[in-house]
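Chemist: Turn these sequences into a full structure, and let the hints steer you where they fit.
Heads up: the protein sequence lines correspond to chains A, B and C, in order.
If you count the first sequence from 1, you need to add 20 to reach the numbering used here.
Numbering-wise, the numbering used here puts 83 at position 90 of the second sequence, and it's gapless, one number per residue.
If you count the third sequence from 1, you need to add 56 to reach the numbering used here.
Source of the hints: derived by calculation from the structure; they are not laboratory data.
Even glycine gets a Cβ: it sits at the ideal position worked out from N, Cα and C.
Some clues are possibly wrong.
As the list claims (entries may be wrong) - In silico negatives: residues of chain B with every beta carbon more than 10 Å from chain C:
1. Ser28
2. Gly30
3. Ala36
4. Gly74
5. Val155
6. Glu162
7. Glu196
8. Glu252
Said to hold, decoys possible - Below, a sample of chain A positions facing chain C; criterion: calculated Cβ distance under 7 Å:
9. Leu117
10. Leu118
11. Gly121
12. Ala131
13. Ser251
14. Ser284
15. Leu286
16. Val290
17. Met291
18. Val293
19. Ile295
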Amino acid sequence: MPPVFGVLFDGIAYGMLLFLMSVGLSVTLGMMNFVNLAHCSFAMLGGYVTVTLMNALGWPFFATLPVAFIAGAVASIVLERLFFRRFYNSNELNQCLLTIGIVFVSIAAAAYIYGTDQQPMQLPPYLQGSIHFRGLDLAVYRLFLIAAAALITIVLVVTLEWTRFGAQVRAAVNNQRMARGLGIDVDTLFGFTFALGGGLAGLGGALAIAMLGLDPSFALTYLIYVLIVVSVGGLGSIAGSFAAAMLLGVADMAGEYYIPALSSVLIYLVMLVMIMWRPSGLFGRR
Amino acid sequence: MGQVEMGQNAVSETITAGAGNADGSALSARGINKSFGSLVVAADVAINLPAGVRYALIGPNGAGKTTLINLLTGMLRPDAGRIFLGSDDITALPPEARVQRGLVRTYQINSLFPQLSALEAVTLAVCERRRIARTWWRPLTAYTEDIDEAHGILATLNLAAVCYRPTRELAYGQQRLLEIALALATRPKVLLLDEPAAGVPREESRDLFAAIAGLSRDITVLFIEHDMELVFRFASRILVLVGGRVLVEGTPAEIAADERVRAVYLGKEHGAPRHG
Amino acid sequence: MTSDSIAAAARETAPAGARDFLRGQIRWRWSEIVFWLATLLPFVLAPDYLVLASQVAISALFALSLDLILGFSGIVSLGHAAYFGVGAYTAGLISVWGWGEPLTGLVVAGIAAGLVGYVTSFVIARFRHLALIMITLGFGLLLQEAANSAGWLTGGFNGLQGIHTWPLLGKFEFDLYGYTAYAYALAGLFLIFLVARRIIHSPFGLALRGIRENGARMPAIGAPTHSHIRTIYTIAAIIAGIAGAMLTQSTETVSLEALGFQRSADVLVMLILGGTGKLYGGIIGAVVYMVARDQFAGLNPQYWYFWIGLLLIAVVMFLPNGILGGLELLAESAKAQWAKSKWAKTP
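Modeler: In structure tokens, the structure reads:
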């Protein structure tokens, strides 16, 4: 199979994962201006939940996914009620420091419980191997990833565009004061949004293990990528996050394939240029 | 009816004078346009402030009054139009350069330095004017003249007694005065006051305007104000802005007699204005 | 009134009080003098810990540099280690290339870091808030990756090999016990502290506080905000570079962690822990942080960060102005208590 297609295919699968892990952060950032650097800790939590359920309790892979979602959602709503809501009106430095503290704690906790090694995970047989299609060699799991993430994205977009909840979220992202004035209970709404975002991150983390691996540094390593997606895509913009995630996924895979020595440098360079060029992101309004 | 037409003539005359940038004009602007998307906030606005004049800018909420100040001071970039300070074209200058040349504004909502004492804030403004704020190798206390000047400005506005307290501890009215003190410290030629008495009780706002009226005639003043009594008492000319457009411009008498002004603004909200 | 009449009014209203007020803020306090004398105690009381003390002093210098931009000017940075690292590698490289004289090494390292700081400051000055956080973070990571990729220059993952520092002033060898290292680091810290103190109490320092308090208002009093930010950012980069060079020279090693995210986060923790915008906050924070880390040295670094994480959360939640801020609060309430009891006694 020609490398271009392979890189594109892997990049899209990777981008889908990045999108799942970052969309929640994009919405909460756009809505409350809360810089949550601990977002990837929810993804890591989802990953460890799946690994534990599969390896220790023998659950099937698919049965663990809803639990990973719930774990991410519960963890994020607990943190939101305990810590984050006190800092909505604080400056972004305090928000950063608070959430970096949570990242450190989560990394250390994961290292304490699971050690610092990569977690082994055995995918079910029907997700292993690859299929041949018109001379292309496509890994089944990556195909599954793309399909699953596409499905989740559609559900998400439908939820946000056509439900009352979605309308309220969009109103609050657009103008929080106005939304309050219209009688929307923004605090409760934000709790729900936070749970949804954390849940999606947890799910993304669970799906990511087979492709990206899982160790305690996950919460920090992929935080950078998630931040790039959010800041390049524009706060609160789902379409922007999607486009940025795809772009980053493909670019990172291409960089690693064609110029492995400089790929990380290039990613950061592109990110810096993007932020300087459009500080509010590709699809940002501000 | 005849009076109204005279008012209109006055408008067109002033606008031509502004466009021609005649002598004696402290600040003039012509053809100022600005829109945010489909929302037009300034449409072909022209103004001309003769030196030493006390000029009121009035208009209903959302008329674009604060936006006009933002445009004149460079906080916003106009889509089209030119702005002159004296005879200099300042359209392309950044806000701080306009301040250094003497075009200074205050804010409708107190925009101060909460942790700095009033004395430090005004001293800072003096230092910036004297271009010594880049000096990092000499202590501030070496600049006794500048400290004295800052203290003097605060004293003339009756703020000397509280000038050592952090700004956030000052009473609201004192903070309004500090806004003006900061502006004065820059030695303005043209002072644009955005609702200087906003939120101040009526009795105090008279004192505040008395302080403004007491400013040197070297300083040309434009102020936004909603209280018509204050407007007619302190302004020598009035400009009415509606929907980002200049509706009419003239002396208080002309404005008071203008039926369009009554219809759009005065009649609706405040009744007939009384002459101060 | 005219400007002349303002000047006249100024003469009348006895502004001597104003001068005294500002002088009072600048005056050296007894507690400061005691503090700096106490920094000499390790030579006598804890000669076994001088190596640690020298690292504390270097970290304190680095934190002081961050305080100048973060604490006094309100410029947030998650990538300040970039300048520390540039200084550290510059000092290491000139030593490897055959010039191990420490003082000139410091100067060259400071200049190199200052140049990088000056160039980046043009970008820094234009942004605030989240964009600034992302840019500083991204720049730090970029530099780390670049240093990693440029293995031919930096030694890559293994660090730079073969650094040798010549004796200080041609006389004092950098010994194993850290006598020279601590004296060197402490002298550097003190001298640069004096410079920082001077900056803070200058007209420029006042302008920086204005930017921190209300950056958007500054242009309206005629302040060239961007130019001010560029100046202080460059100065802070120079100081960070000097701190980095000191670490390289006194340990005779330099590796990628000198400019990593972890170092940026560490210095932020030290400063926040001690208290921002107080000059001494970074120093106190560095002492507490480094001594604690030394005590927990047996601990797996992973677990060390568990406590650091908890500490960060606790400080942000309960001690927003750091240790020094907390102490000030305690002192004030004690004073108020004392005044109250005195008032109660007098009938």
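Chemist: It remains to establish, for every hint, whether it holds in the given structure.
Modeler: Hint by hint, here is what the structure shows:
With a minimum CB-CB distance of about 23 Å to chain C, B/Ser28 clears the 10 Å threshold, and the non-interface call stands. Non-interface call for B/Gly30 relative to chain C: holds, since the shortest CB-CB distance, roughly 23 Å, exceeds 10 Å. Interface exclusion of B/Ala36 from chain C stands, the closest Cβ pair being 26 Å apart, more than 10 Å. Consistency note on B/Gly74: stated as away from chain C, and its beta-carbon is indeed over 10 Å from all of that chain's, at 20 Å minimum.
No Cβ of chain C comes within 10 Å of the Cβ of B/Val155; the nearest lies about 12 Å off, and the non-interface call holds. Distance check for B/Glu162 against chain C: the nearest CB is about 14 Å away, which clears 10 Å, and the non-interface claim stands. The Cβ of B/Glu196 lies farther than 10 Å from every Cβ of chain C, with a closest approach of about 23 Å, so its non-interface assignment holds. Once the 10 Å rule is applied to beta carbons, B/Glu252 is consistent with being away from chain C; the minimum gap is 38 Å.
Below 7 Å, beta-carbon pairs count as interface contacts, and A/Leu117 has one with chain C at about 5 Å; its hint therefore holds. Interface hint at A/Leu118: satisfied, since its Cβ lies 5 Å from the closest Cβ of chain C, which is below the 7 Å cut-off. Restraint check, A/Gly121 versus chain C: the minimum CB separation of about 3 Å is within 7 Å; hint holds. At about 4 Å, the closest approach between the beta carbon of A/Ala131 and any beta carbon in chain C falls short of 7 Å, and the interface hint on this residue holds.
Interface hint status for A/Ser251: upheld, as the beta-carbon distance to the closest one in chain C is roughly 5 Å, under 7 Å. The criterion of a C-beta within 7 Å of any C-beta in chain C is met by A/Ser284, whose closest approach is roughly 4 Å, and the hint holds. The criterion of a C-beta within 7 Å of any C-beta in chain C is not met by A/Leu286, whose closest approach is roughly 9 Å, and the hint is violated. Proximity of A/Val290 to chain C is violated relative to the hint, the smallest CB-CB distance being about 10 Å (cut-off 7 Å).
The interface hint given for A/Met291 is met, as the beta carbon of that residue sits about 5 Å from the closest beta carbon of chain C, less than 7 Å. Restraint check, A/Val293 versus chain C: the minimum CB separation of about 10 Å is more than 7 Å; hint violated. Interface restraint check for A/Ile295: the shortest CB-CB distance to chain C comes to about 5 Å, inside 7 Å, so the restraint holds.
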